[in-house]
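Trainee: If you want the building blocks of each chain, they are given just below.
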Amino acid sequence: MIRLKNVFAAIILGAVSGMTAIAPTASAAEVNLYSYRQPFLMNPLLDAFTQQTGIKVNMVYLKKGMLERLKAEGANSPADLVLTADIGGLHNLVEAGLLQSSESNTLKHNVPGQFRHPDGLWYGLTTRARIIYAHKKRVKPGEVTTYEDLAKPHMKGRICIRSGKHVYNVSLLAWMIAAKGEAAAEAWAKGLKANLARKPQGNDRAQVKAVYTGECDVSLGNTYYMGKMMTNEKSPEQKDWAAAVNVIFPNQGDRGTHVNISGAGITKSAKNKANAVKLIEFLSNDAAQKIYAEDNFEYPVKAGVKVHPIVAGWGKFKAEETLLSNIAEHRTQATRIMDKVRFDN
Amino acid sequence: MAPTAKMNSWSWINVWSIGTVLIAAWVVLPIVAVLYIGLTPSDEIWTHLASTVLPLYISTTLQLMIGVGIGTLIIGVGTAWLVSTCRFPGRRLFEWALLLPMAMPAYVIAYVYTDILEYAGPVQSLLRDMFGWTTKREYWFPEIRSLGGAASMLTLVLYPYVYLLSRAAFMEQSVCVLEASRVLGRGPWRSFFSVALPLARPAIVIGVSLVLMETLNDFGTVDFFAVSTFTLGIYDVWLNMNNVAGAAQLAGLLLFFVVFLVLTERFARRKQRFHHTTSKYKALPGYELEGRARQLAIIGCALPVVFGFVLPAAVLGSYAVIYFEAAANPEVYRHAGNSVMLSALTAFLAVAIGIFMAYGVRLRNERIVRFMARFASLGYAVPGSVLAVGVLGSLGALDNGIDGFMRRNFEISTGLLFSGSIAAVTFGYLVRFLALSFGSVEASLAKITPNMDGAARSLGHGPFSTLTRIHIPLIRGSALTAAMLVFVDCMKELPMTVILRPFNFHTLATYVHEFASDEQLGEASLAALAIVGFGILPVLVLSFAITRSRPGHTKKDQSS
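Going down the list, the sequences are from chains A and B. For the record, in the first sequence the residue sitting at position 307 is 306 according to numbering that gives the first Met the number 0, with numbers rising by one throughout. For the record, in the second sequence the residue sitting at position 509 is 508 according to numbering that gives the first Met the number 0, with numbers rising by one throughout.
Just chain B, with the same shape it has in the complex (with noise of 0.2 Å):
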């Protein structure tokens, strides 16, 4: 572990490069296996979806990216940036509660609104008794089975996601560039706008391309709404048409979608460099928010709890309640143990690959390093189901690689060894879910500045060294910001878990849709429940961890 400072600096380096790009091979392989099932020739797959829905596919999910993008922006970054500057009654509260509906699965969240919106449920009879109408042609009420509905469901649980990278970037801004800004005469909105944001945009952005990668591969939602998405296209091709060429084709068009909106934004701020020159921190100021501009805040913060997961959390413990004897089935025990362990496996691996990387590009930024390691965050941005079809592609194609290499060679047949295993399914979450912890974890380093890393070298210090003892002290935030949001997207994953996992074995959203896909969300209501209980846990612990992980903050601080 103590080799000489000479051969150190080319050892290293090119563990850390060639492991990066390594890792980033492995986990690109699922999607590489997609685009080449793709090359496949699709009859005139094209042809026919050009004349007649490919329009409507890509400018309902335009409307869609654009509804939910603009949302999560105003909700996530709105509420960031209250509760990490301003004081107002509760701001303690919302800290960690407008983290909440994160753990509410997206789908679930559609069957709730469903139940209490549609013309059958509570709302609309009670207007019904209350004005005397009787029939649907009589009155205006928004449908919930809509594009409208859909954005609007997506957006109440993918707001977390900004809300949660934003306020890590404001809390480990230095305050001094604030005071700044108002001592040389701006106002605190323009202090906001013309300091803070874009100090914070690279977090931000990461924040809204998660959100806008989630909202392109959700199908649970669009399916349940009938909303006609790209991603619901690729299904309808697929399954229907039995055509996994031609998805794998619109599943490679909606990838180059996603690289032109990265690779877009990247050049927009390519001379810009976010690096905190000062070592000067103290607590966020904390403007004392008064009279109208306190409800304000106050209400600004309370919608999104409330709609995200209070109402819906309650009206699943209310048929929880009434439906216990069906619901409260000894098994889902087992399928939460199996939920939390797949789930905390993920995330560790997940973070400790995403740091890996992250720092592999640091330290050498070449292009082949920088390239892989972006490509590997592409899983993201893939339909579960269609990245599914890669994962069984490549683990299937090495599987029976192995076994007829040891049949010619030993006479032994291993069979497959990873396919239909738990370990198939950790890796579909880890090539999914990459983009998350690298995402965040690179954003965070990003912000280290380089002359740190020269002087921990300079004095005597390796790259591992360097990492430990500099590095990952200083983005422990983000680090375990990524943990959690991989937890949490594991514990509600499910198109994958679905295709890729063992025999006879479920996690609680697989339980969940079983049922929820019949429509008996009374009886999974407990398991989604649970869904929900444990994406809460780490969401809880962990922002109370990052509240303290801000640089500078002590005790005497918090309490001031």
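Next up, chain A with everything else stripped away, as it sits in the complex (with noise of 0.2 Å):
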């Protein structure tokens, strides 16, 4: 028994061990980064960085759940930088304090001020545009131009899109409120719940290739998505899925598509504050804005860098920008909305 005893305590003290040996410590060439957005999109720009600086770049992708593990931890937190796929998160991590401001002539010359924080809570890196996805013969010109046409008779049973509570679809409505009141954002919601062909499902890719198989006509989706399906060499059959529709950029007549942005804040825990700017000063450089673009289909927010060809092929759109910061802020009464008009069901 002695000798079953030995060997529990062995494998159990030294599993705690090595275990907990493993957080890494701050020191010199090293930023520890929280991420919202995947790696896989991540790590070409992150690996140019440490290939330029020498600094080595740590990552946990967390998308429930960062917020509250900041908290916990703390002061003692290891991150130094939380990088965010939505405006929502951004404002969350403020709200609850756990951003710093940080003061860098070259994020001020790259990010134009209405992509970032007024303190230097933090700086968005490229934005997207939530844009109508419409089958190229179902549709005919001009029978879907802005938002407010999906909510309207004649697209009855015609619409695809994913679930009401995703978080680009919150955004949309939130700032549906943010420009139009609560009472319109939650007749269009209705309006829109009632033309959908389906019950909200799938991704935003998953929506264009419902309308390319025929369930739907119009669908929505970001931008960037189409460049993805567009190129997409691994699946091959996404290209037809693009090719059976047109993008709109709804609303150029009047207040402009609605976009979002990515973007990265510094934590009030940092320990690498330093390394921490000069990767988000990296990620506003022309050199990692480009890869923003070329890679992820996405709009660089620096002046002056190129967007990919597909989507300079799109031409250029008015977005509405003015909003951003207050989409935000409507989030929870968006999502009261998606439940009040049973969006999902």
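Hints were generated in silico from the structure; no laboratory data involved.
As a list, the in silico BS3-like pairs of lysine-lysine whose alpha-carbon atoms are at most 25 Å apart: (1) A:Lys198 x B:Lys135; (2) B:Lys135 x A:Lys139; (3) B:Lys135 x A:Lys155.
For clarity, every value in this text was computed on a predicted model and none was experimentally measured.
Take each chain as given, in its own frame, and dock them per the hints.
Mentor: This is the structure in structure tokens:
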């Protein structure tokens, strides 16, 4: 029995000491990242950063629970920098008091005023528009030109969309509230819901696939998905989906198309703040902005960086940017409206 | 190790019961942390939910639970009874093949079946080609992304829990009671329903309640199918309304519901005890099935295996071939190593702790010991991400407490010791899966008559010696089963791993999810197959071990 107990003790001791030693410590050549953005999107950029500066980037990709993790870890949190895919994430971090401001002339120069926090708590890095994908034949020119059109009776049974609770749709509805008020936004959500061809499901690409196969005529999606589908060598069938649709930038005649940003902010607990600033600066510079544009089909925030030729082919569009900071404030209301109109059911 | 008999009785009892309470308290911490978060006022979230989607959440969840509960009960108990007591061609094969779907994560099978059955998938395309339909409005086809679809997916991957536990129960049953029933004039059906089934009830109940708890906290499948369950509502309140307190309150309500269910069942069999009073075992009888019955038995056992495992594995395999270049990423080996290491460690710890606690309850059946042990198994009913928030909170408080203490007294900063480490992930797994090991070990211990303890103790053996020499050999089958359940569940575990893991750390599940959530299942197909493959290995090994572990089961019996 004694032997057995010793074995137990050795296993447990060894495991515990081995496991806890792994947490990285602050050092001159590191920066620790909590990311809402998927590693396969970020890795090319982060590798380039390490190559250029010699600073190693450690990363955890987590969507749910990042806020709670930062709060629980408190001042001892190893995280220096947070990357998000949506203004909502940045807003929640600011509200929770988890970000600190940083001053950088490079960032001020690279990131236009409307895409960064007034006190430098966060910086936008790319923008994307939420646009309408319309079947080339079944949707006549001029039939759909605004978000409002999607809620009109002539679109009945013709629209596909992902879950109303997805952050992209919640942000769109929050933007609608900011622009037109809560009552109008609710009426719009109700009208849109009534026009759906099927229960909300799948992601943005799956909607375009459904337009391609004839389940519906139009869908809503972010701009970069179009570029990804058109160039997808790994799953060539997606090229056919993309070829079946036109992209429509809504509301060009009035307030412009809804855009959202991806961005970064430095945590209050940052132990490697200087490196973290370097990383944001790197991501806002020409080289990295070009990778965002070329590999991910996003719109660079830095003026003068060219978009991907496919994206350029859609032409310039009028974006509604002034309401960006208001979107986050209306997210709870937007979620509740989705509940009220039973969008997903 | 060999104190005198006199100090034995008191010191050991204290060690066991205090140990049980302490371990349970440690495991309970994250659950308490979640409930504590729920104490914060949360606006008027309840009025909003009650007037909009709460009734829907509740009715959807109940329907899903009823569907999955009945489905897994019929498939699990039915097939377990067939392979344990009947003889038909392929029985030996089905004995272990019926376990295979267990290795398949529910979210993966959901992705695969959506690819096959959706409008653009091969099945509907073929139908359209055959009948000349061109649009969706011309024909009816069941929608896979629906409540029924979710219930089917969950039933297919969860019935092995019921199968495994009821099979173990049937195998641990003394044949004598069944023979007595037949001799007294009951037919095979009535013997099953009036003797075998009631005797196996504790095990079956544990199997079904595990299934129901898995159903309750499933997120991947219901999210992908957009089925509005209670758990989806919790996430919605937490993430979209940025209201973690409201989410914790909803999770608390879910917990009360689970506790209510468990207590109701316990109350229903409050006066029943199921000890085996005889030590006479021999090989189970093996009714030879013939004609129609034989065909039905084969089909009944084959269908769950085909739809729960063979078909989805084949689809994943074909993706792996098509996308081989993208999928064959050398990093997958490292992720696989992480998955196996974490799962094995957790399985070992969970069974050791499970045995300790179940034995502690058996030795000293006091209210506080029993209560803490039960409370500690509640982690299984809390949605993974919510529980992870509880783990974050309790470990963060502990780490920062130690750090503050060390700073004040020694001017040393220890920083975060556990948060964001593999220890945190392992702790999270333990909190979540302890119910699996504790439940199966406790059910198995309950079947050992206390007379055995009495005999061993009166012959001078202490509690520890009695445990290792009497109980552990007798419950070996269930303990192995428990280890396997925990191992496989850890291999598939996703939400806690994602939230609790250290920097630059992947398991197979997090890797698969990263791609699959972007509907790029092809690139993750090899890793998904690896989850299934590594999950199958222990399933197979232990399945054979369980067959052999049946008391009185000798080589001679097997060959007869």
